[in-house]
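S.K.: Residues per chain, in single letters:
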Amino acid sequence: MNAMRTRRGRARIGAFMVIVFVVVGLFVVRLVDIQVVRAAELNEESYGKRAQSVTTHGLRGDIVDRNGEVLADGVERYEITASPKVALINRDEDDLRADLEQVAEVTGGDAEQMLQAVLADPESDFLYLARAVELDTLRAVRELGIGWVYDQVVQKRVYPNGAIAGNLVGFMGTDGAQAGLEYMYDESCLAGDDGTVVFERSADGVRLPGSEIVEKQSRDGGVLETTLDRDLQWYLQERIAKAYNQLNAEWATAVVMRVSDGALMAVVDYPSVDPNNVDASENTDLGARSFSTPYEPGSIMKPITAASLIDAGVATPESGVVAGYARELPDGTNITDSYYHEAQNMTLTGMIVNSSNTATSLFSDLLPAEQRHQYLIDFGFGESTEAAFSGESAGVVLPTSSWDVRTNYAVQFGQAIQTTAIQMASAYQTIGNGGVRMPVHMVEGCRQPDGSLTEQPTLEGERIVSETAAAGTVNMMEMLYRHGTSAEYLDIPGYRVAAKSGTAEVAENGAYVNKAVISYAGLVPAEDPQYAVIVSAGIPSMILSGVIAPTFRDVVAQTLTTFRVPPSTEPVTELPIYW
Amino acid sequence: MSAQTALSPSVAPASAPSPRRHIRIAPSADQRRARPKTLYAVVTVASLGVIFAAQLLLSIVVSNGAYEMSALNGEQRELLQTEQALQEKIEVLDSAQNLATNAAGLGMIQATSPQYLRLSDATVSAGPTIHNACAQDCTLVPNELLAGVPLAGVDAPVADTPTAGTPVAGEETAPAVNQLPVPVTR
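Chains A and B, in that order, are what the protein sequence lines are. Going by the working numbering, the first sequence opens with residue -17, and the numbers climb by one from there. Going by the working numbering, the second sequence opens with residue 116, and the numbers climb by one from there.
Since the hints were derived computationally from the structure, they do not count as laboratory data. Among these hints, one or two may not hold up.
Derived Cβ-Cβ restraints for the label pairs, each shown as a range [as the list claims (entries may be wrong)]:
#1 A/T467 - B/Q199: 49 to 59 Å
#2 B/Q196 - A/S193: 12 to 22 Å
#3 A/G155 - B/V239: 12 to 22 Å
#4 A/Q137 - B/M184: 55 to 65 Å
#5 A/V6 - B/N188: 38 to 48 Å
#6 B/Q196 - A/G30: 22 to 32 Å
#7 A/F181 - B/M184: 39 to 49 Å
#8 B/Y231 - A/D473: 16 to 26 Å
#9 A/D432 - B/M184: 20 to 30 Å
#10 A/T266 - B/L214: 55 to 65 Å
#11 A/E105 - B/A169: 19 to 29 Å
#12 A/T315 - B/V239: 55 to 65 Å
Each residue gets a CB set at the ideal place from its N, CA and C atoms; glycine is no exception.
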């Protein structure tokens, strides 16, 4: 009975053990093969059969004003999708119809249309049932609990403040950012990075909860902090729109720039676009004319001329010339003033207050053309500003070699030279800032998700004219505000304002026609300028700068109120207009 | 010798084969004392059982925690989504156009003469007079997102506006003409 005792028994046991070991060995080899050697390949194969890769989107950063009011907002919308392949497992057409009717009720779509789409390609794994629905609709669809209907997140851009700063913020199109700040700061700030998440899906198409693996982490874009003030921008847009309507103009624009650092507080163009509804605007209204469309500025150039002359040391506010109504030039043409007057002993101040072109030309003789040209370049004309706005124009400043007899004088009173409203605002900023020009900018920086501020503008000033020249020019402009022809329309009791009017002739096909651009430009408060304001209306029905004076006054008043500028306390120094 | 062995018959056992009896060697008292007590065995097995049970319970609790965490995560995601959707709505309602329209609807008028109070010597000085930006219509700056958004003060009493024009309170559909009335007395 004791098998171990006999040799045959031992042999039998031995053989049995060998067989057992061999079989176990085979199993071990197979196990090692599957679990170790081919593990990766098999895992991948099975995973591939049930894994579904979904793109996660990094949120696009907002664009906000200086107080955090949101001008452009990145929001989530949801796409309701379906998998016809999965749907048709264990379901027939009637089941699908019943499910789709439920979905259609919630999304407001057409159930029959959806059904046709599903049946059209039964092998397809992906199909849109409803696009860009809101959160309530998504939740309602999810609650229906239909196993073959899924959802995806998609990004959308909304502009909660509508057309306010629409010219600056820009808008998105099917290919991404199209214009404005959206376009300019797309890569450097606003756009996030996409990531990938892989879900596992069961055989009947249900997403296994907790099976997400984040293959690549998405990154949100940064928030673009601008220097703009939304409330001021809105008020100015309404006011400029009103002026546009009253004056029957082709366009109107207003710029408010902070004198101390060149920051743009409001840039208004009318008509301009509501980024929520781009199709409602004409193609020409989609951008910012203040940046993109230069025009001959006219007499608002005279203070820059005056500042150049004082800085060069060839004139003071009290310097005098004898200015008539007309001055004949060597080439036989005439320079004339806007209204007839006898020859007057006008000071440089008088040149500003009376806006005399003849006086300007006489004063310009005191400084060689090359130097006057250099001053124009130094003030920033003929070159795009540091803001580098999308579509910005550099304007046109002809080289002195191209200056004929007339151009030589005309540029000093703002004709035969093209500038943008922003360039002009920058020149006034220079005069208001004691002669130091600051870089024009609209953006404080880009607030990244980690809290750091990137894309900050470099704020280095450059002295263009002396403090005396700047102060003298501001003083002369105050005389115009107090004693000029539109003084009663400009009056803001309690405040000292420096202003200059401009009625610029418009040329078409090389000749000046009976059209104008009327403007008012100024600095407030004059004793220590904080804001430069330029208001222009293009091709109004009445060619008289006086009609835009009330608009300028209202813009200045609103600027002073928005930024809580208290009334002036120091009295103004009167300058002689005649000698 | 062989003859003896050959001659001696195989001796049959004296008695018939008796049924097998289960015989044990009776342990002595010493041996009995030396034998391990059943109690120890029972305790060991029981504690093994307890350990397994505890392990099972712990793993159940941990799994439960994981499910709870997953549920809470899901809840958090949902709440964040709701927050974002509401934030979006707030921003639209916070737009300048909507605020101005609602203010006018509630009978508010735009302040036209801000005053400055200088604390150092308690003097009051007047700020700039604000002329009405939009005397009859503040709808020159559109906002597509406000289409269909009702005014907030629907039940608010209609203000007695000095200027001509229909008051906007009571409108359910798109905001009507915005009135920023000017006070008659200055």
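S.K.: State, for the Cβ atoms of B/Q196 and A/G30, whether the hinted interval 22 to 32 Å holds or is violated.
M.R.: holds (30 Å)
S.K.: Verify the CB-CB distance for B/Q196 and A/S193 against the hinted window 12 to 22 Å.
M.R.: holds (21 Å)
S.K.: Holds or violated: 55 to 65 Å for the Cβ distance of A/Q137 and B/M184?
M.R.: Roughly 28 Å apart at Cβ, these two residues miss the hinted range, so it is violated.
S.K.: Mind checking the hinted window 55 to 65 Å against the Cβ distance between A/T266 and B/L214?
M.R.: Given a distance of about 30 Å, which is not inside 55 to 65 Å, the answer is violated.
S.K.: Range first: 38 to 48 Å. Now tell me if the beta carbons of A/V6 and B/N188 are that far apart.
M.R.: Taking Cβ atoms as reference, A/V6 and B/N188 lie about 45 Å apart, which means the hint holds.
S.K.: Could you see if the CB distance from B/Y231 to A/D473 stays within 16 to 26 Å?
M.R.: holds (18 Å)
S.K.: A range of 12 to 22 Å was offered for this pair. Does it hold for the Cβ distance of A/G155 and B/V239?
M.R.: violated (53 Å)
S.K.: Against the range 49 to 59 Å, how does the distance between the Cβ atoms of A/T467 and B/Q199 compare: consistent or not?
M.R.: holds (56 Å)
S.K.: Is it true that the C-beta distance of A/T315 to B/V239 lies inside 55 to 65 Å, as the hint says?
M.R.: Because 56 Å falls inside the window, the suggested range holds.
S.K.: Does the Cβ pair A/D432, B/M184 satisfy 20 to 30 Å?
M.R.: holds (26 Å)
S.K.: Taking the beta carbons of A/E105 and B/A169, is their distance inside 19 to 29 Å?
M.R.: violated (52 Å)
S.K.: Note whether the CB distance of A/F181 and B/M184 lies within 39 to 49 Å or breaks it.
M.R.: Given about 18 Å between the Cβ atoms, the range is violated.
Checked against the numbered hints above, the structure breaks hints 3, 4, 7, 10, 11 and satisfies the rest.
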